[in-house]
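Here is what each chain is made of, one letter per residue.
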Amino acid sequence: MEKSKSPEESRKLLDKITFDLTRSIVKRDELTNFWYFFLIMFAAVGLWGWFIQIRDGLGVTGMRDYVSWGMYIANFVFFVAVSLIGFLLSSALHLLKINWAKPISRVAEQVAIAAVALAGIIIVMDMGRPDRLLNVFIHGRFASPILWDVTVVTTYLTISILLFYIPLIPDLALLRDKGTDDIPKWKMKVYTLLALGWKGSAEQYKLVYHAMRILMLLILPVGLSIHTVTSWLFAATLRSGWDTTILGPYFVAGAFVAGAAAVVIVMYAYRQRYNLKDYFEDLHFDYMGKLLVFVCLVYLYFNINEFLVPAYKMKTAEGIHLRNLFTGNFSVMFWLAQTFGLILPILLMLCKYFRKPLPLTIISVFVLIASWVKRYIIVIPTLEHPFLPVQNVPDHFKHYSPTSIEVMITLFSFMAALLIITVLAKMFPVITIWEYAEDKGIEKEIISEPKN
Amino acid sequence: MIKKINLIFVAILFIAQQGMGQEWLVPEDQKTLKNPTEYNLSNVKKGKDLYLTNCKSCHGDAGKNNGLPLVPPPPDVTSDIMQANTEGELFYKITNGRGGMPQFGSTISEDDRWRLVNYIRNYNPANEPVLVEAPPQKAKLLASVNETEKKVEVFAEVEGNDGKFLVLANASVSISAKKAFGNLPIGEVLTNAEGRAEYAIPKDLIGDEQGLVNVVVSLGEGFVTDPVILDAAKVGQPKQVPKLIKKEVLWSTNENVQTWLLLSYLGAVGGAWLAIAYVVFQIFKIWRVGKQQE
Chain A
1 MEKSKSPEES RKLLDKITFD LTRSIVKRDE LTNFWYFFLI MFAAVGLWGW FIQIRDGLGV
61 TGMRDYVSWG MYIANFVFFV AVSLIGFLLS SALHLLKINW AKPISRVAEQ VAIAAVALAG
121 IIIVMDMGRP DRLLNVFIHG RFASPILWDV TVVTTYLTIS ILLFYIPLIP DLALLRDKGT
181 DDIPKWKMKV YTLLALGWKG SAEQYKLVYH AMRILMLLIL PVGLSIHTVT SWLFAATLRS
241 GWDTTILGPY FVAGAFVAGA AAVVIVMYAY RQRYNLKDYF EDLHFDYMGK LLVFVCLVYL
301 YFNINEFLVP AYKMKTAEGI HLRNLFTGNF SVMFWLAQTF GLILPILLML CKYFRKPLPL
361 TIISVFVLIA SWVKRYIIVI PTLEHPFLPV QNVPDHFKHY SPTSIEVMIT LFSFMAALLI
421 ITVLAKMFPV ITIWEYAEDK GIEKEIISEP KN
Chain B
453 MIKKINLIFV AILFIAQQGM GQEWLVPEDQ KTLKNPTEYN LSNVKKGKDL YLTNCKSCHG
513 DAGKNNGLPL VPPPPDVTSD IMQANTEGEL FYKITNGRGG MPQFGSTISE DDRWRLVNYI
573 RNYNPANEPV LVEAPPQKAK LLASVNETEK KVEVFAEVEG NDGKFLVLAN ASVSISAKKA
633 FGNLPIGEVL TNAEGRAEYA IPKDLIGDEQ GLVNVVVSLG EGFVTDPVIL DAAKVGQPKQ
693 VPKLIKKEVL WSTNENVQTW LLLSYLGAVG GAWLAIAYVV FQIFKIWRVG KQQE
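Protein sequence lines correspond, in order, to chains A and B.
If you read the first sequence in our numbering, its first letter stands for residue 1, the second for the next number, and so on.
If you read the second sequence in our numbering, its first letter stands for residue 453, the second for the next number, and so on.
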């Protein structure tokens, strides 16, 4: 925290911060319209695909008796993974009093909310009869990891929304009181409503801090569970490739990699688009690069354990699975994901130059794509090798390739996730103004004083 | 698949080569062996049953020349090639086999192999056939179950020459129980002079969970009649079905979910949502504090 400033200086600085950080809310040009059009059009194409799937049944997908979890589940695991960054950046680092992460925590929460919401939606889209969704709650079995997963995804979504909302309350009041005229009227109405009559009194701040602290503590076990339980969906079976005790931490480590990469990309987009060079500084990218390289190294360590130990033994079924990954049908995907998603990024990001904003963002794009591919080759190859020798099976049961409907629905999920992030950025400041201002040495009283 | 077919083809060729162009020589002392079993209806019938299970798949039905097209061809039992063998030769060939013809010395007992010889001899023109396949007769079969005495009561009639139905005496009636994959033979009974028969169902016959059995009563070969099916007769022992998920096991039903698992789940979920509810209450408090300060 910087030294306190004089009231005059503080007011001037606060006005500047507020002006900069409301740019995302105010700015609306051709590009904004095009971006919305782009997202909504592709999302609509995906929804049309979903309509076809509901009308004609799951037969329109490439999923058959053997591979009954296809691209959708890979996508689900990917979104759950990405969402975990909210837990790391806005809770774990916050609780460890690591200050540089503070301006990024709202970006992390945006990514977390969008990803976990889509994780829930993609599961519904994977169901042949989405109208039977309630049956999971009515007839679900307490002993089934599927029920645990549904519960933990819902809980995590709720906590993420609360953790997004509570630090937002003082900001909303600030916008309500000091917002300029170019903010649309309806947005001002929303701010007034959501600000809950915030006065900025010490008692209210105390309540906000208290609630935030509880949520940050709560999100630690829930965040860990969300991805661990997702891994149990796989690890609780006897199938080769999934039947390992390491899968829980392996998934969590991989999740941080995917999530950190996603946050870097979103950060860079805000920095360029909303001219926030002074807020998402080179320093933040440098730290995010260090964080990414750290989680990548942890993930690499788990990867070595996950593949080297069974590959050393090559048990019959495990051997078939591993050969399929190393030299068989999935070898191209496997080695591309390992090289461009893990090994090269680690080597590059160890150099300072590659932790600069643009290089880091490009690396993050590769890492993010590779982590999607990684989820794909976690789910599908194992399903193509069931244990029982079954005779006279049609060939299309044994080999899975996603159909265009599946690609369309997957496309929808990406577009919808980006749409959620965009709407959140267009609605609310992308950095917590009051926290940032306080860090710059502006008194709370000045932050909450009404417009002159 | 094509590899397998090729392999079978090569094997057949190999076996065929062994058998082709050579006389099947039987040692002199074996040629003249006497058949120790008597040539009578019972032995020929048993021989026929053995023939149907062991030989028919290659040699085909007697007299129809419908054996498999192998090289050398397996001859029909009525054929001259077959009947030209002495009884000792037939016995030797059945026992030892050659090429495509398997050896039955290790699978069929000596007496039964001789019975097979008896069956083949039934078609020898020099012999009086004891097993004559007469055209099947129309018959009527009535049956009922006496559940208290656990008996099946049968009455059978056969169509006479004048089209009238007469009492069918001394006919073999087979009793079986209908199971999921076909009928389980329980026993046979002969009708008496009045065409009636009673069959006591074995006490240890197992039915379904309630002990109900679907009894099938049918006449033996040579009669045209539908079998009588007596549905859900309470004549068997109830089937003991172990309840596989009655204990607390993983993947069990919700009624039998493991206690520790249920408590952990409810504890974790309850704890998390209580905390969430507490946070929501804090939000409410923020609103109330703001209101009070107005």
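What the hints contain is simulated information worked out from the structure, not anything from laboratory work.
Beta carbons are placed, not taken as given, at the ideal position from N, Cα and C, and that holds for glycine.
The reader is advised that the hints may include incorrect statements.
As the list claims (entries may be wrong) - Derived DEER-like restraints, expressed as beta-carbon distance ranges:
1) B:662 <-> A:131: 53 to 63 angstroms
2) B:726 <-> A:350: 38 to 48 angstroms
3) A:423 <-> B:632: 53 to 63 angstroms
Claimed, not checked - Taking lysine to any residue pairs in the SDA-like style, the calculated list, with each CA pair at most 25 angstroms apart, reads:
4) A:206 <-> B:727
5) A:444 <-> B:458
6) A:444 <-> A:236
7) A:444 <-> B:723
8) A:206 <-> B:723
9) A:199 <-> B:723
10) A:185 <-> B:727
11) A:5 <-> A:206
12) B:737 <-> A:276
Results for each hint:
no., hint, result
1, B:662 <-> A:131: 53 to 63 angstroms, "violated, 38 angstroms"
2, B:726 <-> A:350: 38 to 48 angstroms, "holds, 45 angstroms"
3, A:423 <-> B:632: 53 to 63 angstroms, "holds, 60 angstroms"
4, A:206 <-> B:727, "holds, 17 angstroms"
5, A:444 <-> B:458, "violated, 89 angstroms"
6, A:444 <-> A:236, "violated, 51 angstroms"
7, A:444 <-> B:723, "violated, 34 angstroms"
8, A:206 <-> B:723, "holds, 23 angstroms"
9, A:199 <-> B:723, "violated, 32 angstroms"
10, A:185 <-> B:727, "violated, 35 angstroms"
11, A:5 <-> A:206, "holds, 23 angstroms"
12, B:737 <-> A:276, "violated, 34 angstroms"
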